[in-house]
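Generate the whole structure from the sequences, applying the supplied hints.
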Amino acid sequence: MSIKTLDNKALAWLKITVFLLAVFPLCKLGLSAYFDDLGANPIEKITRTTGYWTLSFLLITLTITPMRRLSGWSWPARLRRMLGLFVFFYGSLHFLTYLVLDQFFDWTSIVNDIVKRPYITVGFAAFILLIPLAITSTNRMMKRLGGKRWHTLHSLIYLIAVGGVVHYWWLVKKDITNPLAFALLLAVLLGIRLIYWLRGLLKH
Amino acid sequence: MAIHKIPSIQSSEITPRELFYNRRQFIQLTAVASLTALFPQALLAGEKLANVKKATGKLPDELTPFKAVTSYNNFYEFGTGKDDPAKNAGSLKTRPWTVSVEGEVLKPKLFDIDELLKLAPLEERVYRLRCVEAWSMVIPWIGFPLAELLKRVEPTGNAKFVEFISLHDPEQMPGQKSASLNWPYREGLRIDEAMNPLTLLTLGLYGEVLPNQNGAPIRVVVPWKYGFKSAKSIVKIRLVEKQPVSSWMAAGPNEYGFYSNVNPAVDHPRWSQAKERRIGEFLKRPTLPFNGYAEQVAQLYAGMDLTKNF
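Order-wise, the sequence lines are chains A and B.
Under my numbering, the residues of the first sequence are numbered 1 to 204, in order.
Under my numbering, the residues of the second sequence are numbered 1001 to 1310, in order.
Since the hints were derived computationally from the structure, they do not count as laboratory data.
With a straight-line cut-off of 16 Å between C-alpha atoms, the simulated EDC-like cross-links for lysine to aspartate or glutamate are: (1) B:K1082 / A:D37; (2) B:K1275 / A:D102; (3) A:K45 / B:D1084; (4) B:K1236 / B:E1102.
Have a look at this one:
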């Protein structure tokens, strides 16, 4: 076994480790809630934490391909589905926090938000676009769609990522340090892809 | 306007400050308070204020716990996170402290903070605080009407506006090392707003000297406007003829207007102002025009288009 390929056993352990690391933020949030340690505005805290991890997992998922290309390792691709599903998982928690805890099913106010508040429009659209990706994440759906169509559909993730960062950027009042960090990371991740794509064009 | 008209909570309903701490701390505080009574010039955050006229009248709202009031703050001088001020405001030195009252006045004066503490009888006012971010609190402030101070410097006929300037010292206020806003923090009121009896020059809360993170040692509280209008850690009050430009107006002219009256009918460009989350409550509650103080202040804006003058 080499680090390039990893055997099945090593890969299984790696998957378990990544899974445990990925649920850690949720466990931490749950414990804080249990010990009443979410601060004066717990709903805001839950909204921000779930939103932060949605974007973080999105960027982590987008590092898989560059990592594979730059290192020549093949196994990172085997983690991509799980990481992508964690984007959907934290995104759903984020959306449910808004729906239940923040707005408590106040549909008028929710519709107003989606129509009138650009940052919510963009965030909501990004979340909706995640749903088909989550649904088509199984092997069977991949086969049914066929590789090419599946890939086209899943390239929506780039649009979702831009939407997620814009959502964050537009909602902060003044201090854009964090959204800027996410934006720069995303720019690097997309930039690497652009370079590979341009190289491919030149070769042909 | 008579004091008894100001809606506030019955003193019997106010949760004693000591409930938020254990008894031993209460005894220590009492000891400190007695010492404070002997040496009033040494007042620092956390110490009890003596001879405060308790609030009368009634507000149906419950007080926000002391812990929330002092741990969830917007005070960018100490960082942009809500918990940053409580963490970082220890570096603020509130003594010695002076406030210069100047500009269009007959008797400009540099007031020492301990002089201001004795300038007028201290009274408790239970006010709602509505943040522009759509959350709110109910806080028992201590102070006296700003009008008491302004009258003493005798504003001239040219004094149309009042500008508040907060401390600018990045050593004491680490948040000022970042350009999150144009420092020093500036805010302003129209002279009649400043003279309104609701506008409180504030030196304490919950029976004690203002904690640093709440704008020590001296701030204003303007309860019918969004929280950012109530300037903290003030070092200069200027009476001026032209409408001043506040720090938030400079940061986002289409988002933060000079008036910034609490108004559920006028949304912030990026979020709704129709409802608010009272800290400690689950369901949002409707936001009231002028934060529930329309009876006292609506006449100040008679005939004005509040959508344009947001």
